[in-house]
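Undergrad: What follows is the residue order along each chain.
There are 2 protein chains.
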Amino acid sequence: MLEAWPPQPCEDGSCPVARAVAVLDGKWTLLVIRDLLGGPKRFGELRDSLAGISPKTLTDRLRDLESAGVLSRTMYPEIPPRVEYRLTDLGRSLAPVLNALGEFGRSLAIG
Amino acid sequence: MLEAWPPQPCEDGSCPVARAVAVLDGKWTLLVIRDLLGGPKRFGELRDSLAGISPKTLTDRLRDLESAGVLSRTMYPEIPPRVEYRLTDLGRSLAPVLNALGEFGRSLAIG
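Sequences listed follow chains A and B, in order.
Numbering of the first sequence is given in numbering that gives the first Met the number 0, commencing with residue 0 and proceeding in unit increments.
Numbering of the second sequence is given in numbering that gives the first Met the number 0, commencing with residue 0 and proceeding in unit increments.
One should not assume that every hint holds.
Each pair may be met inside one copy or between any two copies, as identical chains are not told apart.
Said to hold, decoys possible - Subject to a maximum C-alpha distance of 20 Å in a straight line, what follows is the list of computed EDC-like cross-link-like pairs (lysine to aspartate or glutamate):
| id | residue 1 | residue 2 |
| --- | --- | --- |
| 1 | K40 | D88 |
| 2 | K26 | D63 |
| 3 | K26 | D59 |
| 4 | K40 | E77 |
Derived by calculation from the structure, the hints in this document are not laboratory data.
Just so we're clear, the structure is a prediction, and the values are computed from it rather than from any experiment.
The following block holds chain A by itself, in its conformation from the complex (with noise of 0.2 Å):
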């Protein structure tokens, strides 16, 4: 494995690990997809679940991953509108990447 290592080379920008960082940079980015993996959400229930986020990160955040376009933003004409966040296919492709993290969380002591 770890001769192997990296599966292909990194230059030129062209490291796909360098580019999976960059979408997915920030803080609070992999939680984000962490509680869409589990269902479209609403962004008060992505506020309640991300304790100690500001409304403000939370947006740019959600806008970030829509440009990447990593999950969708539905508005439903209710009164008041109703919006929905939820993962693409791509988005939806990152269930390998979460799952690795929690099985290296699961080995980490809590602290």
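Starting from the structure of chain A, add chain B where the hints point.
TA: Okay, now just chain B, sitting in the frame of chain A:
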């Protein structure tokens, strides 16, 4: 898969994904680990690989990862002293995370 998400309840700070993200946070952290999965490296090798990182930031990230038990730092008493950074067993257990990130990165358009 999605129905079973999250694999464990995420409450009371016990979420393994959140614990993993707390250790791996920061723009450069995962790229340092990517480089060290290829074998031990000296400070200058990491700095040259991570184009754009400042020496202070690299020092900070290496100290954070050493504190977290992800890497070890060995100084060889030569003149000038040689310092090598290598992943611990815990750090090497991150290989599946990096592999999954690489898979995701390969599915992104090269921008």
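Undergrad: Does each hint hold? Answer for all of them.
TA: Hints and how they fare:
1. K40 with D88: The answer is within: 16 Å in one copy meets 20 Å, while 37 Å across copies does not.
2. K26 with D63: both (13 Å within a copy, 15 Å between copies)
3. K26 with D59: Close inside one copy (12 Å) and across copies (17 Å); limit 20 Å.
4. K40 with E77: Only inside one copy: K40 and E77 sit 16 Å apart there, 57 Å across copies, limit 20 Å.
Checked against the numbered hints listed earlier, the structure breaks none of them; every hint is satisfied.
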